[in-house]
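Just so you know, the protein sequences line up as chains V and W, in that order. Counting in numbering that gives the first Met the number 0, the first sequence runs from 0 upward without gaps. Counting in numbering that gives the first Met the number 0, the second sequence runs from 0 upward without gaps.
These are computed hints drawn from the structure, not numbers from a lab. In this text the structure is predicted, and so the values were computed from the model without any measurement. Backbone N, C-alpha and C define an ideal beta-carbon position, used for all residues, glycine too. Check each hint, because a few of them may be wrong.
[As the list claims (entries may be wrong)] To be clear about the criterion: a stretch of chain W counts as covered by chain V if any three or more of its residues have a C-beta under 8 Å from a C-beta of chain V, and this derived list gives those stretches:
#1 12-20
#2 45-52
[As the list claims (entries may be wrong)] Under the rule of at most 35 Å between Cα atoms (straight-line distance), these lysine-lysine pairs were calculated in the DSBU-like manner:
#3 V:Lys16 to W:Lys23
#4 V:Lys16 to W:Lys80
#5 W:Lys285 to W:Lys23
[Unchecked claim] Here are a few chain W residues that face chain V, going by a calculated C-beta distance under 10 Å:
#6 Leu55
#7 Leu110
#8 Leu111
#9 Val114
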Amino acid sequence: MRIEHEHWSPEMVAEFKRRQRGRNFALLGVLAAFCVLIYAIAVVKLHEYGQMW
Amino acid sequence: MSDTLLLNSSELGATASDWLALMKPRVMSLVVFTGAIGLAVAPVHMNPILAVTAVLCIAIGAGAAGAINMWYDRDIDAVMKRTATRPVAAGRIEPGSALGFGVVLAISSVLLMAVVANAVAAAELAASIAFYVFIYTMWLKRRTPQNIVIGGAAGAFPPLIGWAAATGNIAVLPVLFFAIVFFWTPPHFWSLSLYASEDYKRAGVPMLPVVEGARHTRVCIFVYTAILLPVALLPYWLGFSGRFYGASALALGAAFVYYAWAVLRDQQDAAGISLSNDAPARAAFKYSLIYLFALFGACAIDRLV
Numbered sequence: 000m001r002i003e004h005e006h007w008s009p010e011m012v013a014e015f016k017r018r019q020r021g022r023n024f025a026l027l028g029v030l031a032a033f034c035v036l037i038y039a040i041a042v043v044k045l046h047e048y049g050q051m052w
Numbered sequence: 000m001s002d003t004l005l006l007n008s009s010e011l012g013a014t015a016s017d018w019l020a021l022m023k024p025r026v027m028s029l030v031v032f033t034g035a036i037g038l039a040v041a042p043v044h045m046n047p048i049l050a051v052t053a054v055l056c057i058a059i060g061a062g063a064a065g066a067i068n069m070w071y072d073r074d075i076d077a078v079m080k081r082t083a084t085r086p087v088a089a090g091r092i093e094p095g096s097a098l099g100f101g102v103v104l105a106i107s108s109v110l111l112m113a114v115v116a117n118a119v120a121a122a123e124l125a126a127s128i129a130f131y132v133f134i135y136t137m138w139l140k141r142r143t144p145q146n147i148v149i150g151g152a153a154g155a156f157p158p159l160i161g162w163a164a165a166t167g168n169i170a171v172l173p174v175l176f177f178a179i180v181f182f183w184t185p186p187h188f189w190s191l192s193l194y195a196s197e198d199y200k201r202a203g204v205p206m207l208p209v210v211e212g213a214r215h216t217r218v219c220i221f222v223y224t225a226i227l228l229p230v231a232l233l234p235y236w237l238g239f240s241g242r243f244y245g246a247s248a249l250a251l252g253a254a255f256v257y258y259a260w261a262v263l264r265d266q267q268d269a270a271g272i273s274l275s276n277d278a279p280a281r282a283a284f285k286y287s288l289i290y291l292f293a294l295f296g297a298c299a300i301d302r303l304v
């Protein structure tokens, strides 16, 4: 999204940055959770294959 | 938040909760619950991590379908009071971003389901997303008052998916679950559409009260609720569940019929407007949610305890 600082009051810029920070942290949380999930799935699957062989 | 910020809310971009709202979390909670019950009552033990991931896939798949629905329906959502604040309709998320978000999540959820469970569950998940997006949203919703009768099948998939994730096949019990949700959907949505009919009319969506009138809708709500009562008892009659479920299904179903009867008996004027501000329809809508949670909960208790 383009930031149109020239039209925005300081209050609006602060709000924009607050929302952007919120989105970034949410995405960080989702990516971290996804990494943990994939790691856990890999461990379970490896264990399953280990039992098969 | 100041008035200036409220006025420029869409210009300032979406919040993280807007992206969550794009996935229709209320609908997702229902789908997660019925999907988890389908998985839990299956006769095959699944590793807890894989089971939780499979339910997560069902949730993400449903959320993806919801996001694509909000992208496609942004024009009608914007003119309906109930949906005007949705992130795409309100302009906080760009339509293309919502579509991309939905498509990526849909593909990811199906692929992940294939990895953690099996091809049958992944195919059912893909079918449920496709059914909701193409059959319900794009084809039926704006064309026929039977939109939610046929389209309701999309919401009935999760117990089938949950069962298939654990067992790798389709059996009679999850098909009965499918039938229960299928017959539950019309009285649930028509109760809502009775008191939101002006919204649907303004948006040009041919919901039953808009096309056939409130009186006809009241009759249909009662008929479908009456059909749902014996359908919900089938798992007991066919020996898939015990007396606890049978008694619960009977009591919950009888109460639902009572609520539907109140909707049927609600007084209305010549224009079809309820004289009670649709109090019975609002009560029936709320009860329908309790009904589904309690019925599936009773089945899980009966099978697992």
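Task: Violated hints, by number in ascending order, as checked against the structure - done: Failing hint: just 7.
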